[in-house]
Amino acid sequence: MKTITLHYSESIYEKLKNFLDTFSKEDLEVEDTSKFEKIKSQLQRDYDLYKQNPTDVLSVNEAEAEMDLFIKNNEN
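Its first residue numbered -3, the sequence shown is counted upward by one per residue in the numbering used here.
Hint data in this document are derived by calculation from the structure and do not stem from the laboratory. Among the hints, erroneous ones may be present.
[Said to hold, decoys possible] Derived DEER-like restraints, expressed as beta-carbon distance ranges:
id : residue 1 : residue 2 : range
1  : Ser5      : Glu33     : 17 to 25 Å
2  : Asp44     : Ser20     : 32 to 40 Å
3  : Asp17     : Val56     : 37 to 45 Å
4  : Asn70     : Tyr9      : 53 to 61 Å
[Stated by the list, open to error] Listed below are the simulated DSSO-like cross-link pairs for lysine-lysine, each with C-alpha atoms no more than 27 Å apart in a straight line:
id : residue 1 : residue 2
5  : Lys31     : Lys21
6  : Lys68     : Lys47
7  : Lys13     : Lys36
8  : Lys(-2)   : Lys13
9  : Lys11     : Lys(-2)
10 : Lys34     : Lys68
11 : Lys31     : Lys68
12 : Lys47     : Lys31
13 : Lys36     : Lys21
14 : Lys34     : Lys47
15 : Lys21     : Lys11
16 : Lys68     : Lys36
17 : Lys13     : Lys47
18 : Lys47     : Lys36
19 : Lys31     : Lys11
20 : Lys13     : Lys68
Quick caveat: nothing in here was measured; it's all calculated off a predicted structure. Cβ coordinates follow ideal geometry from the N, Cα and C atoms, glycine included.
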C-alpha cells in the first residue's frame, strides 16, 4: 500500500470520513495519528537501541543453523 497524509478542516471531517468509508478495507486503511505516532516511537526506540548496542546481524539461514545447534545441544 502507498501512504498519503491529509490535512483537512474540521468542517469537512464527516464528509471526508463518509467518502473514505466507501472503500473496502483491502483498498484503503485509515490510520489515526496516535497509531502512527505509537509505531513511529516504537521504531525509533528499536533503532536507538540497535545503534547503542551494535551486534552482529544474522541471516535467516544463520539463525536457523544456530537454533538447530542449540536444540541439538540441549535435548534431554
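How the hints compare with the structure:
| no. | hint | in the structure |
| --- | --- | --- |
| 1 | Ser5 x Glu33: 17 to 25 Å | holds, 21 Å |
| 2 | Asp44 x Ser20: 32 to 40 Å | holds, 37 Å |
| 3 | Asp17 x Val56: 37 to 45 Å | holds, 39 Å |
| 4 | Asn70 x Tyr9: 53 to 61 Å | holds, 57 Å |
| 5 | Lys31 x Lys21 | holds, 17 Å |
| 6 | Lys68 x Lys47 | violated, 32 Å |
| 7 | Lys13 x Lys36 | holds, 24 Å |
| 8 | Lys(-2) x Lys13 | holds, 19 Å |
| 9 | Lys11 x Lys(-2) | holds, 22 Å |
| 10 | Lys34 x Lys68 | violated, 40 Å |
| 11 | Lys31 x Lys68 | violated, 42 Å |
| 12 | Lys47 x Lys31 | holds, 24 Å |
| 13 | Lys36 x Lys21 | holds, 22 Å |
| 14 | Lys34 x Lys47 | holds, 20 Å |
| 15 | Lys21 x Lys11 | holds, 18 Å |
| 16 | Lys68 x Lys36 | violated, 39 Å |
| 17 | Lys13 x Lys47 | violated, 40 Å |
| 18 | Lys47 x Lys36 | holds, 16 Å |
| 19 | Lys31 x Lys11 | holds, 22 Å |
| 20 | Lys13 x Lys68 | violated, 55 Å |
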